[in-house]
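Undergrad: Fit chains B and S to the supplied structure of chain E, relying on the hints for placement.
Protein chains in written order, with the numbering used here: chain E, 1 to 165; chain B, 1 to 798; chain S, 1 to 282.
Derived from the structure by calculation, the hints contain no laboratory data.
Among these hints, one or two may not hold up.
[Claimed, not checked] Below, a list of computed lysine-lysine pairs in the BS3-like style, where the Cα atoms sit at most 30 Å apart:
1) B:Lys98 x B:Lys57
2) B:Lys431 x S:Lys194
3) E:Lys2 x B:Lys57
One letter stands for each residue in the lines below.
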Amino acid sequence: MKHPVRLQVNGRAVEAQVEPRLNLADFVRDHLHLTATHVGCEHGVCGACTVLLDGAPARACINFAVRCDGRDVRTLEGLSCDPVMVRLRAAFTAEHALQCGYCTPGMLITARDIVLRLPDADEARIRVELAGNLCRCTGYAGIVRAIASVLEARLSEPSEPSEPR
Amino acid sequence: MAGTAHKGVGASLPRKEDARFLLGEGEFVGDIHRPGMLEVAFVRAPVAHARIAGRLKPAGFEGRVFFMQDLDGVAPIRAVSGLPGFKASDLWPLARDKVRHVGEAVAMCVAETRAEAEDLAAQVMVEYDELPAVVDMEAALSAPPALLHEQWGDNVFLESLVDGDLAAIRARAEIRITRRLRTARQSMAPIEGRAVLCEWNGRLGQLEMHSAAQMPHITRAGLSECLGIDQGAIRVIAPDVGGGFGYKGILLPEEVCLGWLARHLRRPVRWLEDRREQLTANANCREHHYDLTLHADRDGRLLAIDCEAIVDSGAYSLYPFSACLEAAQVGSILPGPYTMEGYRCRTWSVATNKPGILPYRGVARTGVCFALEVTLDAVARAAGREPYEVRLLNLVQPGQMPYDNITRKHFDSGDYPEAVRRAVAAIDLPKWRAAQATGEDAGTDMADPRGGRRIGVGFAVYCEQGAHGTSVYHGWGIPMVPGREPCAARLSPDGILELRIGAHSHGQSLETTLAQVAHEVLSIDPEQVRLVHGDTAMTPYSTGTWGSRCMVMSGGAVAQSCTELGERVKAIASAVLDVPPDALQLRDGGVHVRGSDRCLSFAEVAHLFYRQPQRLPPTLEAGLEVVTGYRPEVDTGTFSYACHAVVVSVDTQLGHVELLDYVIVEDGGTLVNPMVVDGQIIGGTAQGIGTALYEEMPYDMQGQPLASTLADYMLPGATEMPPLRIEHLQTPSPYTRFGQKGLGEGGAIAPPAAIVNAINDALAPLGVELTETPATPRRILAAIEAAEVERSGSGTHA
Amino acid sequence: MKPAPFDWLQARTVDEAVGALVAAEGDALVVAGSQSLGPMLNLRLVQPSLLVDIRGIEGLLAVDEADDGAAGPAITYGSLVTHAAIEDGRVADGTNGLMPQVARGIAYRAIRTCGTIGGSVCHADPAGDWGTALTLLSATALIEGPAGRRAVPIEGFFLGPFGTVLAPGDLLVGLRVPRLPPGTRWAYEKCCRKPGEFAESIVGMLRNEAQGTCRIVVGANGGAPVVIDDRGILRDGFDPVRARAALASAGLDGDPYLLKLHLAMMQRAALEVSTQVPGGRR
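Same shape as in the complex, but just chain E:
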């Protein structure tokens, strides 16, 4: 039996009828064709599916779409103009923080959360906060450097708006 759900996805109102067992990752990928969010394990460990749920990082693979009524979902596609994400993208390229690109969307969502929530994070803290995002290609060095560089740049600047548009 399907249930109605109404939610915001990347700033757009979405209405759908969904089976309760449909997870949020499959919902955004297969129903809304937003395929930036990737699926890697379906048990919450690898982090490839990390999205923003009401502004906070969450696993799309173990949250069910039907439970997101009235909630705000933001995937990587909805952060293309986000100022922190713009910086992170440049930093990820400068620091060679991706190779195959599969873990990258979830990694960016988590990276953005670190930058916004923990402006004083040092390298050790960055690494701990990345524990929930697995990468098999890069060995994390470029990812850590990229996040550190964005943190450092922001520390020396006046604050910017950080709400996603």
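TA: Leaving out everything else, chains B and S in the frame of chain E:
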């Protein structure tokens, strides 16, 4: 030979491919939608070894569930090796009479959604008559509880022997060290699993398969063999792929099944491997056993290696690499980068009730390096010398290069001892030896939680053969042989250079680095270069991406085709500018008349050719599309090498190992993009650290895989990576286009050896020597306790 | 890995949730944060016919800081309070930083933003942090069921791995956590190889020298958290012999490797409670 322009060879150019991935606009197989697409789930064997006694489809869904007998015209997957004595196995895409490992596919279910397909799968009834499970490779060989392939009479895919008469050496060797060593079975675990989307194109009469594949042309060939249709009727496309590492260099039973299904249903069908499938059905690499003896003189000079090694090759020989490769490779590469007088190595590739083996990054080199380097440290201890000194004593010297070693591997170039010397200096060995001597690290005060930590330093050296050519590869006799590597280079009418290669880039950064090669040859801006790869309809035939071959082979091919294309460009410019071709040079994105400012950009040359042929002499034949096939001057492969040095702190209370410092001194010849090279090294090292400390797929006595989720199968995260310093030597290969060497696997080769050597260095005062990976806390604490018991002679230790 | 089909009911009140659970006769599961249940459903380890969703029950998010009942000052957390809210200090903490530290070590941030303290307690994974921490803190589980409301000390709440005293129809609505008396030192030593992993051993300790109290809990031991009742272990620093004997009599000495870990964690916790500056550490 180093790049002169900052965008050519030698430049750490940021990656072009990043743009789409950072926006989430990559296109992986799972991202592709086709109208009417159906989803597939497989019924997989829950037992390791059984005859199939009966099977039943759920009532009312007979048209949605398929057993092997339904797949008319489909032949089993056969990956046969031409090596003498190799025994073939038939891998039916869906199990026909027997299942031989947990997770083997038995039935295929199709539905509108994956969830519904799994519902169907849960209702399929299969009756299994269980047989004893063959789990331990030594038992499989010498005392098998059962035979996987009864007609063989044993469980041996292949026995191979590199023979040598060691009697005289044995008699005079003053040091003899014998060890039994093991590397555990692992899962390669790329973050994206395997993925297949298949549909029948009626207009073209062609099966179109998107697959997360490393070697699409090989997949196409294998599909043709199994489906009984010609290759012209098959198109394989590897789009963006989320990591391979060897896991996706295979013709999959699932690909064969979906290939059949797409034609049968005339609808697109999709299967996306989930993590549980990957872990439970496909932990398929790294499991080796070594009985190794090193004979040395009193100074630690290696006289001979004598080895018997077993590779646990799982239940089936997989396509194309076959079950011969890893075990036979052990015999040919065990000598490593060292000189010696004698050598003997017998290996067995053994069949067990586990998934069939695939070559994982480093292939046999990781196990071989582990076995040899750990035992060499024991030789050093017996000789009373520093481990690094024993390396320096035995490494092939730069003056000997090129060097044909005792197994006739042709080392092209390098200064192996210099890598060791620099690593020793960079890790600051004297500092750590001093710390060990003062007991500064140890801390015996049990009230101090940091008490009981012991510091150790470990080294490992290896050399890595990459870009194996025809002459050294055809001897395996497996279903693929690399030949000349092609590249089709074409200038578009507006001057964009399209490079078509048969290899595939899934993290290797080829879209950037091959553009750098084109820039090096033509001076065309890398932004004006497009790499086309992955699609068998659009690219020339290649064996694909494996064995660290791409920059040597595809890079050489790109350079060769671009060189020829440059001649064509000059021919056109020569005609139009009315100067002889040798008065022209390619620079700054165009063709220039030497000593004048007359020039034509590539775009202008292309425009002339395509849009204004009337301005060209009618005798000008050659156009702006070139296909050439490249092979290096000497095609026996390149040998990159490195020394890894690591400092560990072992917590003797908890068994935890902290990596305090990690240095890699590596030589990959000319580095086309040093940033990309470092990325490959670091990524490989992370996998090596996984092998050394964390990753293991254990099986119980019934052949059940015990780590079915990522909570149990521990992958290294950001906190498991040490501070890592990399130094580069760049000794060019004399055989390749720019002197570049294949090097992508190296990071995954040395860490288990270096880290376990460091642990053994730390715990040597306790009488502990580990000889097994991963060096988990449980193993470390058990070894410490066993050594205590042995030392004290006491039998009880509560 | 997709779940078997289930239906879903969003309860608006506790009574509605309890009623739905009773009506389902044991074939329904409560879903709070879905961070533990999601993987179990995806893996088809559980296949309920109905999920009773309590996320919409507002009262379950409430935090009552003024609970000064007969048992002393306490804070009552609604069962839907997330690990992240505790980690971030967005809800009151009466444990001098113990609860935020415990929260910070649970899984990963993306899990903590959704996972709830109540859901974790009801899931009762033996390696789950809140089971051990709340046992250390002598918390009380507040349960609403068909027979009304009852309070169960957390020590009696767990019945071994993944087992609790909750009967079909029961709903955990809150957790009452006594405030630590002034001058109490605490330790929470978690042995795991990677951050966020399930621990192989957890030892929690409380010590108040002025009051002469101490409490030792050993968790992640394969079953319910175990209270070690022997003050002698800490009398002169740390007595490993007494500690080992206590672990043995609690039945935790079956695996020599795990025994070593429990002992090492106890030793580290003992050091922490003898040196910690009262008032907590971050």
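Undergrad: Hint by hint, which ones does the structure fall short of?
TA: Hints that this structure does not satisfy do not exist here, as all of them hold.
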